[in-house]
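Position chain B against the provided structure of chain A, taking the given hints into account.
Those sequence lines, one after another, are chains A and B. The opening position of the first sequence corresponds to residue 4 in the numbering used here, with each subsequent residue numbered one higher. The opening position of the second sequence corresponds to residue -3 in the numbering used here, with each subsequent residue numbered one higher.
Be a bit skeptical, because a hint or two may be false.
[As the list claims (entries may be wrong)] Simulated DEER-style distance windows between Cβ atoms:
#  : chain 1 : residue 1 : chain 2 : residue 2 : range
1  : A       : Thr8      : B       : Ser80     : 18 to 28 Å
2  : A       : Ser70     : B       : Ser111    : 41 to 51 Å
3  : A       : Ser85     : B       : Asp50     : 41 to 51 Å
4  : A       : Pro64     : B       : Ile56     : 17 to 27 Å
5  : B       : Leu52     : A       : Thr112    : 38 to 48 Å
6  : B       : Ser111    : A       : Arg76     : 41 to 51 Å
7  : B       : Leu52     : A       : Gly66     : 36 to 46 Å
8  : B       : Trp79     : A       : Asp41     : 22 to 32 Å
9  : B       : Arg107    : A       : Thr112    : 47 to 57 Å
10 : A       : Thr112    : B       : Asn4      : 21 to 31 Å
11 : B       : Pro75     : A       : Glu33     : 33 to 43 Å
12 : A       : Lys21     : B       : Asp50     : 45 to 55 Å
[Said to hold, decoys possible] Computed cross-link-like contacts, SDA-like style, restricted to lysine to any residue with a CA-CA straight-line distance of at most 25 Å:
#  : chain 1 : residue 1 : chain 2 : residue 2
13 : B       : Lys67     : B       : Tyr35
14 : B       : Lys45     : B       : Val27
15 : A       : Lys21     : A       : Gln98
16 : B       : Lys45     : A       : Tyr53
17 : A       : Lys58     : B       : Tyr23
18 : B       : Lys45     : A       : Asp31
19 : A       : Lys60     : B       : Glu60
20 : A       : Lys56     : A       : Thr18
21 : B       : Lys65     : B       : Ser80
22 : A       : Lys74     : B       : Phe97
23 : A       : Lys6      : B       : Leu42
24 : A       : Lys74     : B       : Leu42
25 : B       : Lys54     : B       : Ala(-3)
26 : B       : Lys45     : A       : Gly43
27 : A       : Lys56     : B       : Gln98
28 : A       : Lys16     : A       : His32
29 : B       : Lys67     : B       : Ser111
30 : B       : Lys67     : B       : Phe47
31 : B       : Lys65     : A       : Leu100
32 : B       : Lys45     : A       : Asp29
33 : A       : Lys73     : B       : Gln98
34 : A       : Lys6      : A       : Asn87
35 : B       : Lys54     : A       : Ala101
36 : B       : Lys45     : A       : Ser68
[To be verified] To spell it out: a stretch of chain A is covered by chain B in this simulated footprint if at least three of its residues, at any positions, have a beta carbon under 8 Å from a beta carbon of chain B; those stretches are:
#  : stretch
37 : 77 to 89
38 : 93 to 102
39 : 105 to 114
Since the hints were derived computationally from the structure, they do not count as laboratory data. Yeah, the Cβ is synthetic: ideal placement off N, Cα and C, and Gly gets one too.
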Amino acid sequence: DVKVTQSSRYLVKRTGEKVFLECVQDMDHENMFWYRQDPGLGLRLIYFSYDVKMKEKGDIPEGYSVSREKKERFSLILESASTNQTSMYLCASSQGLAEAFFGQGTRLTVV
Amino acid sequence: AQSVSQHNHHVILSEAASLELGCNYSYGGTVNLFWYVQYPGQHLQLLLKYFSGDPLVKGIKGFEAEFIKSKFSFNLRKPSVQWSDTAEYFCAVNELGNTGFQKLVFGTGTRLLVSP
Chain A
4 DVKVTQSSRY
14 LVKRTGEKVF
24 LECVQDMDHE
34 NMFWYRQDPG
44 LGLRLIYFSY
54 DVKMKEKGDI
64 PEGYSVSREK
74 KERFSLILES
84 ASTNQTSMYL
94 CASSQGLAEA
104 FFGQGTRLTV
114 V
Chain B
-3 AQSVSQHNHH
7 VILSEAASLE
17 LGCNYSYGGT
27 VNLFWYVQYP
37 GQHLQLLLKY
47 FSGDPLVKGI
57 KGFEAEFIKS
67 KFSFNLRKPS
77 VQWSDTAEYF
87 CAVNELGNTG
97 FQKLVFGTGT
107 RLLVSP
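For reference, chain A alone in the conformation it holds in the complex (with noise of 0.2 Å):
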């Protein structure tokens, strides 16, 4: 059965701390995705990787970044936490056109 796992469900974290988010997908897919989910304004992408070592950013990367150094593996990090970045983020694969398959999201608050 398919499967992303996110390392942690819940996570709090000081102001100005660097967060380190990871996810991993044992289904072998190119593309990895991370999305933040927010009430209201639904899911925005962070960043995506479409390979190895390959990233692009999404609608809203400011103040993250991204490292994809194995294919299954795909960390999103919060260089200087801050409050406004208290959200639930979501990590997803997919391959090629297929639909994504979702982690069960790691719920973030910043102190």
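Here is chain B on its own, set in the frame of chain A:
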């Protein structure tokens, strides 16, 4: 850039009522369209998808959607909802990124509450 509009933010229905959720997208070229559902406390999962062919597509749990190219629409329907359909529903469309690869763009979602 592609945008996806879901006009109903909150919908409340009684069991057995019929459901139609609107979705419009902006890009006029070839598109792949999706509906995802998020049940309370669960991850997003695919309800149905349209790539080509018959514009009326059927998905899981009795849902269907109709692609109308002239209206840039992909509305979701279910003839008779159940309490277990209470969830948030997201419409999504593939968009070509700057590097020529596809990325998924989502609408803002519709929260459906079905009362028993």
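Exercise for review: Look at the Cβ atoms of Trp79 of chain B and Asp41 of chain A and judge whether their distance stays inside 22 to 32 Å.
Suggested key: 27 Å, holds
**Study point:** Satisfaction of hint between Ser111 of chain B and Lys67 of chain B, Cα-Cα up to 25 Å
**Key:** Distance of about 32 Å is beyond 25 Å: violated.
Check your understanding: Is it true that the CA of Lys56 of chain A sits at most 25 Å from the CA of Thr18 of chain A?
Key -> 28 Å, violated
Check your understanding: Would the pair Lys67 of chain B and Phe47 of chain B pass a check requiring their Cα atoms to be no farther apart than 25 Å?
Key -> Holds, at roughly 17 Å.
Review point. Between Lys56 of chain A and Gln98 of chain B, does the CA-CA distance stay at or below 25 Å?
Key: Distance ~17 Å between Lys56 of chain A and Gln98 of chain B Cα, so the pair holds.
Review point. Is 41 to 51 Å right for how far apart the beta carbons of Ser85 of chain A and Asp50 of chain B are?
Key: Since the Cβ atoms of Ser85 of chain A and Asp50 of chain B sit about 47 Å apart, the hinted range of 41 to 51 Å holds.
Exercise for review: With a C-beta cutoff of 8 Å, work out whether three or more residues of the stretch 105 to 114 of chain A approach chain B closely enough for the coverage to hold.
Suggested key: Holds: 4 residues of the stretch 105 to 114 of chain A have a Cβ under 8 Å from chain B.
Point to revise | Restraint status (C-alpha distance of Lys45 of chain B to Asp31 of chain A at most 25 Å) | key: Measuring from Cα to Cα gives roughly 21 Å; hence the hint holds.
Check your understanding: When you check the alpha-carbon spacing of Lys45 of chain B and Val27 of chain B, does it fall within 25 Å?
Key -> This hinted pair holds, its Cα atoms lying about 11 Å apart.
Check your understanding: Taken at face value, is the distance from the CA of Tyr53 of chain A to the CA of Lys45 of chain B at most 25 Å?
Key -> 21 Å, holds
Check your understanding: Is the straight-line distance between the alpha-carbon of Lys6 of chain A and that of Asn87 of chain A 25 Å or less?
Key -> At roughly 29 Å apart (the allowed maximum being 25 Å), Asn87 of chain A and Lys6 of chain A break the hint.
Check your understanding: For the pair Leu52 of chain B and Gly66 of chain A, does the Cβ-Cβ distance stay inside 36 to 46 Å?
Key -> 42 Å, holds
When each numbered hint is compared with the structure, violations occur for hints 4, 9, 13, 15, 19, 20, 21, 25, 28, 29, 34, 36, 37.
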